[in-house]
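Put together the whole structure using the sequences plus the hints.
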Amino acid sequence: MDPHNPGILKTLSVAVQTARAKYVIIARDRLTLDTVPLVPFINSLLPVPPPPYLLYMFFFLITTVPHTDRILKAMDRHILNGDMLKARRSSKGSGVANIGEASIQSKLRSLYPSRPDDRPVPDLLEARRQSVDHLTICTSWSRSVVHRPALQQSLSGHIARPPRGYYLNHEPL
Amino acid sequence: MSLCNLIAIGSLPDGPARKLLLSGKGTALHKSPTGIRPIVTLVPCGQCTSHAIATEYKAQIQEICGDKQFMVVSYGCEIVSHLVRHQLEMDQSKVMIKVDVKNAFNEIDPAAIIKVVRDEPPDLLPYVLFLLAMSSVDIIFHYSRAGKTRVHKMTTGVPQGGSLSSAPFDMGIAPSIRRAQITHPTASIYLIADDNTCRSDCHSQDDHVTSC
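As given, the protein sequences belong to chains D and Z, one line each in that order. Counting along the first sequence from 1, when you hit position 64 you're at 95 in the numbering used here, and nothing is skipped either side. Counting along the second sequence from 1, when you hit position 47 you're at 550 in the numbering used here, and nothing is skipped either side.
Think of the hints as simulated: they come from the structure by calculation, not from any bench.
Covered, in the sense of this in silico footprint (three residues per stretch, anywhere, with C-beta under 8 Å from a C-beta of chain D), are these stretches of chain Z:
#: 1; stretch: 538–551
#: 2; stretch: 597–611
Below, in silico cross-link-like pairs of lysine-lysine (PhoX-like), each with a Cα-Cα straight-line distance of 25 Å or less:
#: 3; chain 1: Z; residue 1: Lys-601; chain 2: D; residue 2: Lys-138
#: 4; chain 1: Z; residue 1: Lys-534; chain 2: Z; residue 2: Lys-656
#: 5; chain 1: Z; residue 1: Lys-601; chain 2: D; residue 2: Lys-117
#: 6; chain 1: Z; residue 1: Lys-651; chain 2: Z; residue 2: Lys-522
#: 7; chain 1: Z; residue 1: Lys-571; chain 2: Z; residue 2: Lys-601
#: 8; chain 1: Z; residue 1: Lys-605; chain 2: D; residue 2: Lys-138
#: 9; chain 1: Z; residue 1: Lys-534; chain 2: D; residue 2: Lys-117
#: 10; chain 1: D; residue 1: Lys-104; chain 2: Z; residue 2: Lys-534
#: 11; chain 1: D; residue 1: Lys-117; chain 2: D; residue 2: Lys-138
#: 12; chain 1: D; residue 1: Lys-138; chain 2: Z; residue 2: Lys-656
#: 13; chain 1: Z; residue 1: Lys-571; chain 2: Z; residue 2: Lys-605
#: 14; chain 1: Z; residue 1: Lys-651; chain 2: D; residue 2: Lys-138
#: 15; chain 1: Z; residue 1: Lys-656; chain 2: Z; residue 2: Lys-605
#: 16; chain 1: Z; residue 1: Lys-651; chain 2: Z; residue 2: Lys-528
#: 17; chain 1: Z; residue 1: Lys-656; chain 2: Z; residue 2: Lys-528
#: 18; chain 1: Z; residue 1: Lys-561; chain 2: Z; residue 2: Lys-571
#: 19; chain 1: Z; residue 1: Lys-618; chain 2: Z; residue 2: Lys-605
#: 20; chain 1: D; residue 1: Lys-138; chain 2: Z; residue 2: Lys-534
#: 21; chain 1: Z; residue 1: Lys-522; chain 2: Z; residue 2: Lys-656
#: 22; chain 1: Z; residue 1: Lys-651; chain 2: D; residue 2: Lys-117
#: 23; chain 1: D; residue 1: Lys-138; chain 2: Z; residue 2: Lys-528
#: 24; chain 1: Z; residue 1: Lys-528; chain 2: Z; residue 2: Lys-605
#: 25; chain 1: Z; residue 1: Lys-651; chain 2: Z; residue 2: Lys-534
#: 26; chain 1: Z; residue 1: Lys-601; chain 2: Z; residue 2: Lys-534
#: 27; chain 1: Z; residue 1: Lys-656; chain 2: Z; residue 2: Lys-618
#: 28; chain 1: Z; residue 1: Lys-534; chain 2: Z; residue 2: Lys-605
#: 29; chain 1: Z; residue 1: Lys-605; chain 2: D; residue 2: Lys-117
From a predicted model like this one, the values you see are computed outputs, not experimental measurements. Here a beta-carbon is modelled for each residue, glycine too, at the ideal position from N, C-alpha and C.
Following this line, the structure appears as structure tokens:
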């Protein structure tokens, strides 16, 4: 808009008002029965409305809203919570981001900072010593299996089955 | 069960087998307003081991994290929410601030966690060393709708998600929170993992944030 010529603004405003008035007239003529029909239907048959199932299909053909109830419910919930951003996202799909997009990739890359050297290994010797100590404990567990009374062989050579609940009470996790 | 035991006691050496056991499936969730929240799900053996350790050592982990950390308490979020509302209504001269640390889970230094675990619950040390002190693990992101897969190396931090993801993080930040509480005894600090809420006088808030 030219600031030195305010007449342009006035012209635009008149144009917008004219367009609004035109569309209101069209909408009233086509969608409402405010005005009396000009022709009293004497020259042709009365229009027959389509059956409901066709109306149903027609509605989903012209509409751009996804026809799954889940998405509509999610949008409704987010709008009620006041989160318009989530409501908009739920119209497109789930909350999972598409990692194929460049923006998502760059965000993910920033979340996983890479270092030139790999993780440091502090006190590796101590870590190995800890492992060896615990391995000893593990070995003692496995030896204890041999000494379980429930698994000892009977005189006839048959290995007795352990009683119900034995492993729940004795098996170390 | 034997494999879970070997993972728990940290006896598996660093190598492809360990990397396979600790690799996680990543899911990038939208986070308001324009961020991404990566959730990691471990393989079943790792998940089972983490859950068993978290259940077994729950009391010790709670003790190390301190009474300011409500992540390890049942209904911790509800408790903090009602507590904050109650305190704001009781004394309106105090102010409440929320300190948000960016990418806290993925960028915490593993050495800080290892130091705490080494000092306080040594039973957890082999597993934490197995988890954090060896070579980096891969987080595999796959988006089936677009057929895209991306692999990110995790060289720092702990994976976000899973049964035992927040416990090492909470233990790692516990000394800092203790120091902040000692430095500012009049301030009330409440934590839910990395979400830090502090209630105190106006003039001491800046000091508290600096301490954190």
